[in-house]
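Residue numbers (this note's numbering), protein chains in the order written: chain Y, 2 to 202; chain B, 2 to 202.
If you are wondering where the hints come from, they were derived from the structure by calculation, not from laboratory data.
Do not take every clue at face value.
To be verified - Here are some of the chain Y residues that sit facing chain B, going by a computed Cβ distance under 8 angstroms:
no.: 1; residue: His33
no.: 2; residue: Ala42
no.: 3; residue: Phe65
Said to hold, decoys possible - Dumping the calculated SDA-like pairs for lysine to any residue here, alpha-carbon to alpha-carbon at most 25 angstroms:
no.: 4; chain 1: Y; residue 1: Lys53; chain 2: B; residue 2: Glu10
no.: 5; chain 1: Y; residue 1: Lys53; chain 2: B; residue 2: Asp38
no.: 6; chain 1: Y; residue 1: Lys25; chain 2: B; residue 2: Arg72
no.: 7; chain 1: B; residue 1: Lys11; chain 2: B; residue 2: Gly23
no.: 8; chain 1: B; residue 1: Lys125; chain 2: B; residue 2: Ile83
no.: 9; chain 1: B; residue 1: Lys125; chain 2: B; residue 2: Asp38
no.: 10; chain 1: B; residue 1: Lys11; chain 2: Y; residue 2: Ser26
no.: 11; chain 1: Y; residue 1: Lys11; chain 2: B; residue 2: Thr198
no.: 12; chain 1: Y; residue 1: Lys25; chain 2: B; residue 2: Lys168
no.: 13; chain 1: B; residue 1: Lys53; chain 2: Y; residue 2: Glu40
no.: 14; chain 1: B; residue 1: Lys183; chain 2: B; residue 2: Lys168
no.: 15; chain 1: Y; residue 1: Lys53; chain 2: B; residue 2: Lys11
no.: 16; chain 1: B; residue 1: Lys125; chain 2: B; residue 2: Val161
no.: 17; chain 1: Y; residue 1: Lys139; chain 2: Y; residue 2: Glu128
no.: 18; chain 1: B; residue 1: Lys25; chain 2: Y; residue 2: Lys160
no.: 19; chain 1: B; residue 1: Lys25; chain 2: Y; residue 2: Asp92
no.: 20; chain 1: Y; residue 1: Lys53; chain 2: Y; residue 2: Pro70
no.: 21; chain 1: B; residue 1: Lys165; chain 2: B; residue 2: Glu36
no.: 22; chain 1: Y; residue 1: Lys11; chain 2: B; residue 2: Thr149
no.: 23; chain 1: B; residue 1: Lys25; chain 2: Y; residue 2: Lys139
no.: 24; chain 1: Y; residue 1: Lys11; chain 2: B; residue 2: Val161
no.: 25; chain 1: Y; residue 1: Lys125; chain 2: Y; residue 2: Asp164
no.: 26; chain 1: Y; residue 1: Lys11; chain 2: B; residue 2: Gln75
no.: 27; chain 1: Y; residue 1: Lys160; chain 2: Y; residue 2: Arg132
no.: 28; chain 1: Y; residue 1: Lys168; chain 2: Y; residue 2: Gly137
no.: 29; chain 1: B; residue 1: Lys125; chain 2: B; residue 2: Lys168
no.: 30; chain 1: B; residue 1: Lys25; chain 2: Y; residue 2: Gln51
no.: 31; chain 1: B; residue 1: Lys25; chain 2: Y; residue 2: Gly100
Ideal Cβ placement from N, Cα and C applies to all residues, glycine included.
2 protein chains.
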Amino acid sequence: MSIFPALLEKLIQQLSRLPGIGQKSATRVALHILESDRELAENLARSLLQVKQSIRFCSRCYNFTDQDPCRICQDESRANGILCIVEEPGDQLAIEESGVFKGRYHVLHGVLSPLDGIGPEDLKIAELISRLNGEGIKEVILATNPTTEGEATVSFLTKVLSDKGVKITRIALGVPMGGDLKYMDSMTVRHALKSRTTVLS
Amino acid sequence: MSIFPALLEKLIQQLSRLPGIGQKSATRVALHILESDRELAENLARSLLQVKQSIRFCSRCYNFTDQDPCRICQDESRANGILCIVEEPGDQLAIEESGVFKGRYHVLHGVLSPLDGIGPEDLKIAELISRLNGEGIKEVILATNPTTEGEATVSFLTKVLSDKGVKITRIALGVPMGGDLKYMDSMTVRHALKSRTTVLS
């Protein structure tokens, strides 16, 4: 028997099923909500419902948006012919925050993963191909994550896009900033060596 | 300008203000909620509101409860004359989970902290004193955390309770299970040495 009231236990269980939140942090959050003003819980509850009600996928790039097409797809200054392909909306955020990419995005909503039964038809690949002509794309940057599935998706997309007359590039794999070679996995070190750049010749 | 819709940003900001949840995990949780069934958001929103509506403080021990007095205060088998004093409801949970304490609790809702302007009248100390006679308390276990404020609260309570005819005890301070002496702070090591127990004499 738990010492907490059933409704509090229920909230803790629901919170602990969210990604990255364990039993301990869920308890901490739930107790914090109980100890705070009623407004905190009410505002949070309202946001949860509003977000689900008003946010949809952009019908072009498949990122989350509250207007269709999304702000980036509507922004003509970003129609520079370069399309960056990412797995998930969160990946797009990371690239946007880097501040160096000025083109548009296409969110696949996953990667190829035969073991999980995820094939090309489960991803937004047909939608990607139909964008190439319509938007005059000259370069496609493959920015899936450097995992087995991400690399398999790179291979598949390279094959599928090979006859579309677009340049295909892949984000660089290597040692991350602040990384330490002695703690780096050997795949990363191998990539970092193979893709070494010339400093002085 | 954020690439996410304003409502999604708002949810991320609200989540990131919860304890132990940073900007990154708040983003992860918000994207997870967006990608999940509408029910997940609705159930979570409902629980947040229900918890705030139905959960109150127990009028005896001041733990959270959905019935007054709470289950532990109503349980006659726990009226063993021993009262465990904790700072917060979360601390009570930790003691309850240890499974060795069979008495009742009293939640202070904080510790003495002159720098933060928290004095005895801000804690449930008057309420504690009035329980001593009514419930025939023989022993009071001081289970505040071993911090400067927790220890100051121990000193204060010891003085206040000294003429009440109850035994006053303090939870043991020492090296935690799985702890490593070489990474332990010297206050803890000092306590562990001073409070050493005899194994063989």
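Hints versus structure:
Because the closest C-beta pair between Y:His33 and chain B is about 5 angstroms apart, less than 8 angstroms, the hint holds. Contact between Y:Ala42 and chain B, as hinted, is supported at the beta carbon level, the nearest pair being about 4 angstroms apart and thus within 8 angstroms. About 6 angstroms separates the beta-carbon of Y:Phe65 from the nearest beta-carbon of chain B, less than 8 angstroms, and the hint is met. The hinted pair formed by Y:Lys53 and B:Glu10 meets the criterion: a straight-line CA distance of about 13 angstroms does not exceed 25 angstroms.
With a CA separation close to 9 angstroms, the supplied pair Y:Lys53 and B:Asp38 stays within the 25 angstroms bound. Of the supplied pair hints, the one linking Y:Lys25 and B:Arg72 holds, its CA atoms being roughly 22 angstroms apart against a limit of 25 angstroms. Of the pairs offered as hints, the one joining B:Lys11 and B:Gly23 holds, with about 14 angstroms between alpha carbons and a cut-off of 25 angstroms not exceeded. Taking the CA atoms of B:Lys125 and B:Ile83, the gap is about 17 angstroms. The hint holds against a cut of 25 angstroms.
Simply put, B:Lys125 and B:Asp38 have alpha-carbon atoms about 43 angstroms apart, too far for the 25 angstroms limit, and the pair is violated. Simply put, B:Lys11 and Y:Ser26 have alpha-carbon atoms about 21 angstroms apart, close enough for the 25 angstroms limit, and the pair holds. Between the alpha carbons of Y:Lys11 and B:Thr198 the distance comes to roughly 42 angstroms, so the proposed pair goes past 25 angstroms and is violated. For the proposed pair Y:Lys25 and B:Lys168, the alpha carbon gap of about 33 angstroms is over 25 angstroms, so the pair is violated.
Annotation: proposed proximity of B:Lys53 to Y:Glu40 holds, straight-line Cα distance about 10 angstroms (limit 25 angstroms). Distance hint between B:Lys183 and B:Lys168 is unfulfilled; the C-alpha atoms sit about 35 angstroms from each other, more than 25 angstroms. Restraint check for Y:Lys53 and B:Lys11: the C-alpha separation of about 13 angstroms stays at or below 25 angstroms, so the hint holds. Among the hinted pairs, B:Lys125 with B:Val161 is consistent with the structure: their alpha-carbon atoms are about 13 angstroms apart, no more than 25 angstroms.
The hinted pair formed by Y:Lys139 and Y:Glu128 meets the criterion: a straight-line CA distance of about 17 angstroms does not exceed 25 angstroms. This hinted pair does not check out: B:Lys25 and Y:Lys160 have alpha carbons roughly 34 angstroms apart, beyond 25 angstroms. The straight-line distance between the Cα atoms of B:Lys25 and Y:Asp92 is roughly 12 angstroms, inside the 25 angstroms bound, and the hint therefore holds. Pair hint Y:Lys53 plus Y:Pro70 holds up; C-alpha atoms about 18 angstroms apart against a cutoff of 25 angstroms.
Proximity of B:Lys165 to B:Glu36 is assessed by CA-CA distance (about 59 angstroms); at most 25 angstroms being required, the pair is judged violated. Distance hint between Y:Lys11 and B:Thr149 is unfulfilled; the C-alpha atoms sit about 34 angstroms from each other, more than 25 angstroms. A distance of roughly 33 angstroms separates the Cα atoms of B:Lys25 and Y:Lys139; the hinted pair therefore is violated under the 25 angstroms criterion. Between the alpha carbons of Y:Lys11 and B:Val161 the distance comes to roughly 39 angstroms, so the proposed pair goes past 25 angstroms and is violated.
Restraint check for Y:Lys125 and Y:Asp164: the C-alpha separation of about 19 angstroms stays at or below 25 angstroms, so the hint holds. In summary, the hint linking Y:Lys11 to B:Gln75 is supported, as the alpha carbons are separated by about 22 angstroms, within the 25 angstroms threshold. Our distance criterion of 25 angstroms between C-alpha atoms is met by Y:Lys160 and Y:Arg132, whose separation comes to about 17 angstroms. Taking the CA atoms of Y:Lys168 and Y:Gly137, the gap is near 12 angstroms; set against the 25 angstroms cutoff, the hint holds.
For a cut-off of 25 angstroms, the pair hint linking B:Lys125 to B:Lys168 stands: about 19 angstroms separates their Cα positions. Taking the CA atoms of B:Lys25 and Y:Gln51, the gap is about 21 angstroms. The hint holds against a cut of 25 angstroms. With a C-alpha separation of about 18 angstroms, the suggested pairing of B:Lys25 with Y:Gly100 holds against the 25 angstroms cut-off.
The structure is inconsistent with the numbered hints 9, 11, 12, 14, 18, 21, 22, 23, 24, although it conforms to all the rest.
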